[in-house]
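For chain A, the structure is supplied; the task is to place chain B on it using the hints.
Residue numbers (this note's numbering), protein chains in the order written: chain A, 1481 to 2005; chain B, 3 to 303.
Read the hints as simulated data drawn from the structure, not as lab findings.
Even for Gly, the Cβ is constructed at its ideal location relative to N, Cα and C.
Just so you know, not all the hints are guaranteed correct.
To be verified - Quick list of the computed label-pair ranges, beta carbon to beta carbon: (1) B:Lys133 x A:Arg1638: 46 to 56 Å; (2) A:Pro1791 x B:Val139: 55 to 65 Å; (3) B:Asn68 x A:Phe1507: 46 to 56 Å; (4) B:Leu25 x A:Lys1842: 43 to 53 Å.
As the list claims (entries may be wrong) - The calculated lysine-lysine pairs, modelled on DSBU-like cross-linking and capped at a C-alpha distance of 30 Å, are: (5) A:Lys1937 x B:Lys16; (6) B:Lys133 x A:Lys1937; (7) A:Lys1727 x A:Lys1700; (8) A:Lys1764 x A:Lys1781; (9) B:Lys16 x A:Lys1923.
Claimed, not checked - Here are some chain A residues the structure puts well away from chain B; computed CB gaps all over 12 Å: (10) Asp1556; (11) Val1713; (12) Leu1722; (13) Val1912; (14) Val1965; (15) Ile1984.
Single-letter residue listing:
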Amino acid sequence: MVQFKKWQLFLVILFSLFAIIFSLPNFLSKETLKKIPSFLPSEQVVLGLDLQGGSYLLIEVDTESVVLENFESFSDGLRLSLRKNKIPYTKFNIKNNNIFFNIKNDNKKEELSKILSKYSQEISFEYINDKLMKIFFNNQKIKSIQDNSVLQSIEVIRRRIDEYGTKEPTIQRQGLNRILLELPGITDPERLKKLLGKTAKLTLQIIDDDLSWNDLKSGKTKPGVVIYESDNVLDPSGSPVLYAVKKRNAISGDLLINAFPTLDKGSPVVSFEFNNKGGRKFGKITSENIGKKLAIILDNKIISSPNIREPITGGKGIITGQFTFQEATDLSMLLRAGALPAPLNIIEERTVGPTLGADSIKSGKFASILGFTLIIIFMFLIYGIFGIFANIALVFNLLILLAILTLIKATLTLPGMAGIVLTIGMAVDANVLIFERIKEEIKHGLSPIATIDTGYKEAFKTIVDANITTLIAAIMLFGLGSGPVKGFAVTLSIGILTSMFTAIMFTRILILIWLRKKSPERINL
Amino acid sequence: MPILRIFKSGTNIKFMKIKKLTLIISSILFFLSLALIFFKGLNLGIDFTGGSLIEARFKENIDLSNLRIQMNKLNLGEIQLQTIGSENDIVIRVQEKKSNENKQTETIQIIKNSLSDKSIEYRRTEFVGPKVGGELVKAGILAIIFSLFGILIYIWLRFQWNFALGAIIALIHDVILTLGFFSIFQFEFNLATVAAVLTIAGYSINDTVVIYDRIRESMRKYKQISFDEVINISLNGTLSRTLMTSLTTLMALLALFIFGGIVISSFIIALIWGVLIGTYSSLYVASPILTYLKQEKRQIN
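Just chain A, with the same shape it has in the complex:
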């Protein structure tokens, strides 16, 4: 152990450089960072909401209501198709997401099976007894409904938050039916909560083409129409195109049950689907307005204005346009996301005001620096020159830790800062173990080199054992809870690893270089 290899020295130097370069931006102000050349890293460690101020919301999507809604819509369709195929039934009822009905004639059973087999991907069915039929959504279907409604909710939420104008929000799915929102800078979330609680309104209405563009621009209008701006089409002057939309015969987006991108004659289109009521209404309106334009209005803006080419019966239709497939996917997502698919419940909310965050940064910083300084002085007083070696390693330990936290974009929270301080306290442990061992070996009267060699060898096993057990506890913290605590677990775990590395590699090489230069006759420790 007395010799160190060239590559070890190289590794230590490499890590030191890495630590300095990537941790440096954290010590500079935002203004200074703008001035440094762009090839140097300028990322700072991300501060948690508890430090920079902001809101944390955990939202639960009521997916069960969506499943029920879908199921009711399915059962409406089923009833209709039973009637159409002249299959007599009695006692049709829905209970706990199961449809029950009695089939009257045994000889219709085959026909019924044929109808049901069309839905075989989404439903399961069985005869409870001779006549009583039970139909229910299979797990796959339920899961896909749940997944869809959570993803849709996230999309709706994202759109709404973007509109609200939040900087860098984090929107994440959590578990089966939850959405985590992290909103830096939002210190009074009440308005936002109201915004999220609202259902976005989507309507389909007929565009009135009696009024020309110029009329609309000059503010001319007529009874029975409302003027809307286009969301994405601009006129030559760069302002959004205006449309006059008839108030009558609006179809609400509530009636939409699905929309998805598909291909029509080789080009991407959006296919949409109404429920029964919406389908009938849509059929009627489209047949009365062939050749006219349909306005698809979301949040008071026209997101698309397709031509009505033919009456659309059956509740299904497509929206053609010059879409790429991506755009078609987005539009169908928007159509589905038009209204929140399910009620949202806020089940956890934490908000930190800006002054508390600033106070926490200030006190956290001060306490960390103080703790660090105390330890450094103490180590020097107890171990002299060896203490200085340990302290150099300690400084680099801190820099490496900071550099890693910055690079992996870990979030630094207040408990996370405590984790760093604790790591510093515990980081000296490895060196203390080694030094105390060396002290004992000195008594055995070996040469300085042999003493240090044995000291390191004996202490090494202990250091590994001791740190792995601590690491086990730290890793378990990951599974626990959110934000601040996780930040603590991250800094603690990384800190344990970096402290092992610096204590063993850094101090050893420093001590060995010192030994070579000075070659002392005996070690004073």
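Positioned in the frame of chain A, the structure of chain B alone reads:
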């Protein structure tokens, strides 16, 4: 030559001489803590109970008892008011009524509205739904159990079974005494405290493993002397390291406790207590208990 020498090298403290006494004291404290946890209970924060919390800084002088009356009139459930730090910093805690499940998110707004005539800066607001609270309790307990189990297995692999057993007994001792400490002083027990308990477990086991390592080494070296003496030698050999590390960690923690602000103070208190109790238990619980768990043959893996 080092400037300061706190610890004499070559101490020869007879730790094992008082092992019966310390084990009895530890047992008493252990069962006392258990009794406290069950009968007095923990002052659970809203992380675990569900409810709302508002930390407000009043820009005018306020009368806490008047404020309390005003809050109780809102009929929101059990409300606690408490000053923190300064006179004008007040924490309002609301234990939610079970009946008004739907209105829970509005609690904070209702309180804010009722205080709208005063000049207040809201420093922090928290709301935890009852469902989330229950889940966090479960996650906390599971995290503690899993880490104890993980540590047990690791030590079992690296040492003999009796070492693993001794370490885990010492760990459970530390965890229970920490909970007892929180119960007797009624410090708020929240998610951060559970994190502290886990850290204590990690710290305490760190200490224990270092000592066990030395005991194992001494067992190989000194085959002729009694096991009690082997442990004494090992504890003395590692004593200056044990105290050194505890001291540096305590220094860092004290700095955080005094200057780190009110938000993490209960977290830091738990850690400070844990370092003290962890150091004690490594010396006086984990080590002496080995003499009772010792296998017939002193065989080393």
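These are the hints, each one checked on the structure:
no., hint, result
1, B:Lys133 x A:Arg1638: 46 to 56 Å, "24 Å, violated"
2, A:Pro1791 x B:Val139: 55 to 65 Å, "59 Å, holds"
3, B:Asn68 x A:Phe1507: 46 to 56 Å, "48 Å, holds"
4, B:Leu25 x A:Lys1842: 43 to 53 Å, "46 Å, holds"
5, A:Lys1937 x B:Lys16, "28 Å, holds"
6, B:Lys133 x A:Lys1937, "52 Å, violated"
7, A:Lys1727 x A:Lys1700, "16 Å, holds"
8, A:Lys1764 x A:Lys1781, "24 Å, holds"
9, B:Lys16 x A:Lys1923, "21 Å, holds"
10, Asp1556, "29 Å, holds"
11, Val1713, "39 Å, holds"
12, Leu1722, "39 Å, holds"
13, Val1912, "5 Å, violated"
14, Val1965, "5 Å, violated"
15, Ile1984, "15 Å, holds"
Going through the hint list in order, the structure does not satisfy hints 1, 6, 13, 14.
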